[in-house]
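*Asks:* Here are the chains, one letter per residue:
Number of protein chains: 2
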Amino acid sequence: MEQTDQHEDLRVTRTRACIEAAFLRLLRTHTFSKLTVQMIASEAMVNKGTFYHHYRDKFDLADQVKRRRLEDFHQLALSVFEQEDPGLRPLGDSIAPMVDAPESCLEDLATLRWVPSNDVDVFDEIRKIVLAQLTRYAERTGTPLPDIESEAWAAAYLALGFPEFRREGRAKTSIGDFAASVHRACGLFM
Amino acid sequence: MEQTDQHEDLRVTRTRACIEAAFLRLLRTHTFSKLTVQMIASEAMVNKGTFYHHYRDKFDLADQVKRRRLEDFHQLALSVFEQEDPGLRPLGDSIAPMVDAPESCLEDLATLRWVPSNDVDVFDEIRKIVLAQLTRYAERTGTPLPDIESEAWAAAYLALGFPEFRREGRAKTSIGDFAASVHRACGLFM
Numbered sequence: 001m002e003q004t005d006q007h008e009d010l011r012v013t014r015t016r017a018c019i020e021a022a023f024l025r026l027l028r029t030h031t032f033s034k035l036t037v038q039m040i041a042s043e044a045m046v047n048k049g050t051f052y053h054h055y056r057d058k059f060d061l062a063d064q065v066k067r068r069r070l071e072d073f074h075q076l077a078l079s080v081f082e083q084e085d086p087g088l089r090p091l092g093d094s095i096a097p098m099v100d101a102p103e104s105c106l107e108d109l110a111t112l113r114w115v116p117s118n119d120v121d122v123f124d125e126i127r128k129i130v131l132a133q134l135t136r137y138a139e140r141t142g143t144p145l146p147d148i149e150s151e152a153w154a155a156a157y158l159a160l161g162f163p164e165f166r167r168e169g170r171a172k173t174s175i176g177d178f179a180a181s182v183h184r185a186c187g188l189f190m
Numbered sequence: 001m002e003q004t005d006q007h008e009d010l011r012v013t014r015t016r017a018c019i020e021a022a023f024l025r026l027l028r029t030h031t032f033s034k035l036t037v038q039m040i041a042s043e044a045m046v047n048k049g050t051f052y053h054h055y056r057d058k059f060d061l062a063d064q065v066k067r068r069r070l071e072d073f074h075q076l077a078l079s080v081f082e083q084e085d086p087g088l089r090p091l092g093d094s095i096a097p098m099v100d101a102p103e104s105c106l107e108d109l110a111t112l113r114w115v116p117s118n119d120v121d122v123f124d125e126i127r128k129i130v131l132a133q134l135t136r137y138a139e140r141t142g143t144p145l146p147d148i149e150s151e152a153w154a155a156a157y158l159a160l161g162f163p164e165f166r167r168e169g170r171a172k173t174s175i176g177d178f179a180a181s182v183h184r185a186c187g188l189f190m
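Going down the list, the protein sequences come from chains A and B.
When we follow UniProt numbering, the leftmost residue of the first sequence carries the number 1, and every step to the right adds one.
When we follow UniProt numbering, the leftmost residue of the second sequence carries the number 1, and every step to the right adds one.
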């Protein structure tokens with residue numbers, strides 16, 4: 001009996017993963033307002049009944065995907081900021097590869113940011129995660145961060161800007177190159 | 001007869017300015033999808049007939065406002081980058097006050113950026129204006145700009161981010177402070 005339940009659970013997880021991946025694929029070429037449940041179901045190769053078994057509508061799907069990807073981002077942020085010996089390695093060395101990875105949750109989050117939703121503000125959630133981690137990091141290591149609120153906002157803005165920047169035909173740019181360009185552009189305003 | 005025409009023209013300009021200002025005010029508290037022509041007409045204190053005399057629908061209004069504000073931005077960019085003696089003054093000294101002004105067209109453009117539209121991509125238009133001006137500036141002054149495309153993208157991203165940053169309860173922040181925060185946040189990724 002228990003084994004059947006586990007089997008059921010796995011199937012549910014797989015079905016949801018298929019639907020969510022199909023949704024994210026469609027968002028690369030369609031705006032959210034143009035997407036229908038039928039299109040998402042077809043792309044995921046499930047029928048509409050299956051879709052409605054898991055989600056109330058496309059807005060519910062969007063909220064659930066946002067929450068899941070934000071949780072991935074939270075875990076990544078924890079793994080970067082809570083290393084045992086933070087002093088040994090500059091923070092940037094750990095953050096850059098994580099953000100650079102093409103399969104990074106940031107790629108999806110940068111897309112999901114523009115999907116309207118009543119419940120989840122992707123940008124603000126990322127800002128809050130970064131702020132919490134930066135605060136703990138600064139306390140633990142004694143790093144002075146004079147305006148941590150602004151810095152968290154700016155870091156979230158940069159992190160979500162990078163996938164957009166890369167999508168504009170700069171596939172080979174690293175987050176380091178991107179940050180360097182922004183760094184220089186800051187000079188125009190300082 | 002000519003005087004009547006001038007009078008007519010002035011009235012048309014004034015009516016359009018009223019409707020467009022009302023539209024921008026409403027966008028501060030409502031999403032575009034929730035706005036109706038009736039709401040915009042009421043806010044502008046004109047009747048719906050007058051609205052439809054000037055605009056096909058709210059999408060047409062959005063496109064026209066975008067184009068007008070982009071033209072304002074273009075003129076500002078020209079006035080900053082085409083000063084007679086560009087070498088005497090660092091570029092930042094002229095850009096910062098222009099962008100800082102609360103009545104700056106950037107404030108409106110940062111709002112209009114999220115209004116869906118088939119015709120005008122606000123971000124991309126700003127990027128193109130900055131790119132054209134940076135290119136001319138670099139040529140005229142011999143300033144080396146190794147990756148001018150990336151820098152124009154980053155400058156547009158920063159310029160449109162600043163009004164959003166200020167809206168989050170940081171009304172007294174200057175573009176210089178904002179750029180300094182982003183500048184420090186870049187360090188996380190470099």
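Where hints are given, some of them may not hold.
As the list claims (entries may be wrong) - The calculated lysine-lysine pairs, modelled on PhoX-like cross-linking and capped at a C-alpha distance of 20 Å, are: (1) 34(A) with 48(B); (2) 48(B) with 34(B); (3) 58(A) with 34(A); (4) 58(B) with 34(A); (5) 58(A) with 48(B).
Hints were generated in silico from the structure; no laboratory data involved.
*Asks:* Any hints this thing doesn't respect? Which numbers, in order?
*Replies:* Those not satisfied are hints 1 and 5.
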